[in-house]
Amino acid sequence: MSAIETEDLRKRYGDLQALKGVSLEVDEGEFFGLLGPNGAGKTTFINILVGLVKKSGGEARVFGYDVEDDYREARDAIGLAPQEFNVDRFFPIREVLVHKAGYHGVPKDVAEERADEALRTVGIYDKRDTRFHWLSGGMKRRFMLARAMVTDPDLLILDEPTAGVDVQLRHDLWEIITRMNEEGTTVLLTTHYIEEAERLCDRVGILDEGEVVEVSSPDELMSRGTDTVRVTLAGEIDAVPSALNGKVNGGADADGYEARVEDGELVVETRNAGATLAEVMRALDDAGHDVVDVEMSRTSLEEIFVEVTRDHGDVTRAPEGDA
Amino acid sequence: MSTRSYGLPTGFVTLMRREVLRYIRRPRNTFMPPLITNVLYFSVFGVILGNRVGEIQGVSYILFLLPGLVVLGAISNSFENSSFSIFHGRWNEYIQATTTSPLSYTHMVLAYVLSSALRGVLIGILITGVGAIFTSVTVRNPFYLVAFILVITVLFSALGVVGGLWARDFDYLTVMNQFLLRPLVFFGGIFYSLEVLPTLWFYVSLLNPMVYMVNGVRYGFLGADAVDVGPNAALVVLTTAAVAVVALDIVLFRRGYGLTE
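Chains as they are written, first to last, in the working numbering: chain A, 1 to 323; chain B, 324 to 584.
Bound-form chain B, shown alone (with noise of 0.2 Å):
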């Protein structure tokens, strides 16, 4: 139990390598996916009604998709992965082989959030890749977009895993992502500026939180800030909500939520 690779301990390690093995070994199934629906977005949204769209704050109307999109793919599939592998680990009951292991119910989390997220980031780089074969794609700002994108997709990862604990049958992460996240994200200004809504559906939308995601990664790519929240005050609310919902997968991990009798 004291043995330790690469300076973490080997269990954290194991259990890591082995959520990201798991995706990363299905590709036609992880990346493929994103990279469709991304050249579709691009090439519809983009490339086709974005000429009569015109621009917006500034830049054309397919460099100012590219960052929603990136925040959708990252958000989702950090979601998607830590939700799934939990809940098709308790599903299939394989997950007991790491919950009655001796690694702390600390590692566990952060194994299954962290390697979450890393598949969130790559969903973000490639969906990134994708933007860039249409438009020629700057950034701005690269702490904000690193920071952002990290946060979002720890925290996502972190609510994926609360999702994967709560779910009683499939059905249940079918809800959450297309009933919670999907127009959560769609109307957190990923295809249209905030400031073309009438003023009572912009302030009603400052109460959805992707706005400010989308918001802070649209910064750190274009600079450009469509609220008035500062890309500052966005950070700090969104790392604090992710080191809140980190901490409360450690509480149900510890409580045994949806893991033991």
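Chain A extracted, bound-state conformation (with noise of 0.2 Å):
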């Protein structure tokens, strides 16, 4: 079964369309990452989910309840963490965890248990008599995180979670997430920070411009890119070793790659420099040629997300640019 179910899902906001059909399916138990710039939808996207915001058009089900006719069971499934902060002022947070099970149906002297555990899980248990106000950021965030998980959610969903944090609380707030992963809660995470999508995720789906543009594993996505290696040779060359010349107004093609010289290096550009490093070392080789140095660089998923959305960008506003 999906743990999310999107059909040609639709948002306007007035002349807005923030979302322009959104069709999008995450797999129960599966770790998804929503990516895409500033004011691409993710936000609206998951506020329809929880019900913070009413759809315009299309389908949206949540382990196959409608987030509409079966509000209450789509909502019972979800742990929201979200992007800004919005905890009740009047009480200390350990009681606002305890308020927030109750909602789901959790009797009060269990959800004072699955209260403290979740203090404790995010580190802030000697807070617990304290009002969110006044945490510090850090706590805060560990705080937000908490209280998605206060209810036992079977969907956890992270907008932002690790917005503004240091790098230490970073991969502390992994930890608990990847353990509750592993465990069995399906995760939808947005984030900005590119590496956090590519550590953690199964699959990542690129959303701009309230559209989706791409859904797939991270390491697929990075195997699009191009890999450059510089091979650094015994004296410096004008032009590239003959043996290599088959390639080289080739072009890089799928199995390929294409070979020049930079201030005296070689320079090849390839979509699997593993693959194609073995076969210019050899071919270098054969040709008498002695490798000094060679330097390896993959391309990183942030270069191809800010391809894949500059491209999309690109098609959308051409219409406009043309009229």
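Calculated directly from the structure, the hints in this document are not laboratory data. Hints may contain errors.
Said to hold, decoys possible - Simulated restraints, written as ranges between beta carbons of each label pair:
id: 1; chain 1: B; residue 1: N415; chain 2: A; residue 2: K20; range: 30 to 36 Å
id: 2; chain 1: B; residue 1: G553; chain 2: A; residue 2: R12; range: 52 to 58 Å
id: 3; chain 1: A; residue 1: D311; chain 2: B; residue 2: F502; range: 56 to 62 Å
id: 4; chain 1: A; residue 1: E175; chain 2: B; residue 2: T563; range: 55 to 61 Å
id: 5; chain 1: A; residue 1: E302; chain 2: B; residue 2: N415; range: 32 to 38 Å
id: 6; chain 1: B; residue 1: T429; chain 2: A; residue 2: P107; range: 17 to 23 Å
id: 7; chain 1: A; residue 1: P107; chain 2: B; residue 2: A556; range: 56 to 62 Å
id: 8; chain 1: B; residue 1: V566; chain 2: A; residue 2: E175; range: 50 to 56 Å
id: 9; chain 1: B; residue 1: F502; chain 2: A; residue 2: E7; range: 47 to 53 Å
Glycine is no exception: its CB is placed at the ideal position from the N, C-alpha and C atoms.
Could you use the hints to bring the two separately framed chains together as a complex?
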């Protein structure tokens, strides 16, 4: 069963079409990353699932439950850590958690145990009698995760959970989220930190200007990028060694590579640096060249992300430019 | 979601408890202002001026005053509580913790309305207690007293929910309370009997729904009835209005008015 399933999901705010027919499926138990530039529609998408935004069209289901017709079942399955802090100012944080669990039907004594456990997990149990307002920025982020997990959700939705936190805390939060996912909780994560998606997600969906432009695993995405191998040979060269000539003008096709000389070094661009490197080395060796140094750089997911959203932006903006 | 407390759904009981604790734990904010205000009302209007006014409808002025002050305190606290709680939660967005939960819209509305009505009832009891310090309080028709207090506190709590969802800023709450609620209550016959008004203003006053509320509670306390509308008819109309406004609240929650984009 799909944890999240949307078909042609649309949302319009006045003249602005925030979602332009998003069809997306997140499998049960999956760790799914939703990436996209600011204003791409990521938060709108999430808010439709939890009932904070009314959809203008299309379908959205959580574990098969329609988010409007079966809103109680759908919401019961979700634990949400929103991007903005939206915590009850009147009560100490432990009580806020007890209330949240109570809204999900958890009896008070069990809710109290769950609240303590959640606070211990995120490491702020000793602050349990403090109000949210008085917590430090990092503790506030920890608390947002505690509130999302206190209802023991089947689907954990995290909207920029590590925005503005230090490296140590980010790693702590990743560890907790990963553990929950390993225990069977489906995770939907939006993030601006591409590294976060690369490290954590089984699949990522790229949303741009209200449309899904890509759904793939981080590895698949990265394999589409171009890797660069720089080879320093003994003595400067001014032309690509003839051993590699067959590939030079052919361009970087699916299995091939493209070589050129730059500052006296041989530069090879390829889809797969690992496979290409061996072939290049063999060809150079056969031709009697001495290799002094090899430097290899892989395309980052960040570069792919920028490329994909830029290409999509060019396509969607083109008609306006032509008009 | 299926777990229940006291035979009631746990979600509803939790929200109700949260709402009640919010004001119970702040006695300086919840109970002190009506306590002080009503001590002043009873002292100035009841004791100092009351001796000059003499009797109205066969009772001392201070005793005549008491039911009106109870109504004033009960309905303003009911209205303020639900409107503030919802608006403040919207303003700071923490109401989202409730609205994204699996509570039914009916349970959400009932928790806000009943917790606010309870605050109104508690303030009504407090004001009655203050009155008892100044004069001996009698309850001639306990059934009507309880029935009217329950109905009007529910009605105004439900109206407060509408106000809390409608408000776009804090001044909306002030406008509703000071410029709408208070004048209607003051011209509803708290401080004077409608019988002293010229004929035209007597009939104009009958268009004010507060007249029937004050009159009903006064009937409960004193047995005195200053208008031609009997307490039963008034009770039926007010109960119908309360049910209708609660139903409206549920529709507004379901549509996400003021709560969703």
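Taking the hints in turn, this is what the structure says about them:
In this structure the supplied range 30 to 36 Å holds for B/N415 paired with A/K20, their Cβ-Cβ distance being about 32 Å. Distance hint for B/G553 and A/R12: a CB-CB separation of about 54 Å, consistent with the stated range 52 to 58 Å. Between A/D311 and B/F502, the C-beta spacing of about 57 Å keeps the proposed range 56 to 62 Å intact. Checked against the given bound of 55 to 61 Å, the beta carbons of A/E175 and B/T563, roughly 58 Å apart, stay inside it.
A hinted range of 32 to 38 Å holds for the C-beta pair A/E302 and B/N415, which are about 35 Å apart. At about 21 Å, the CB distance of B/T429 to A/P107 agrees with the hint of 17 to 23 Å. Our hint of 56 to 62 Å for A/P107 and B/A556 is violated, since their Cβ atoms are close to 45 Å apart. Separation of B/V566 from A/E175 is about 53 Å and conforms to the stated range, judged on CB atoms against 50 to 56 Å.
Restraint check, B/F502 to A/E7: a C-beta distance of roughly 49 Å satisfies the suggested window 47 to 53 Å.
Checked against the numbered hints above, the structure breaks only hint 7 and satisfies the rest.
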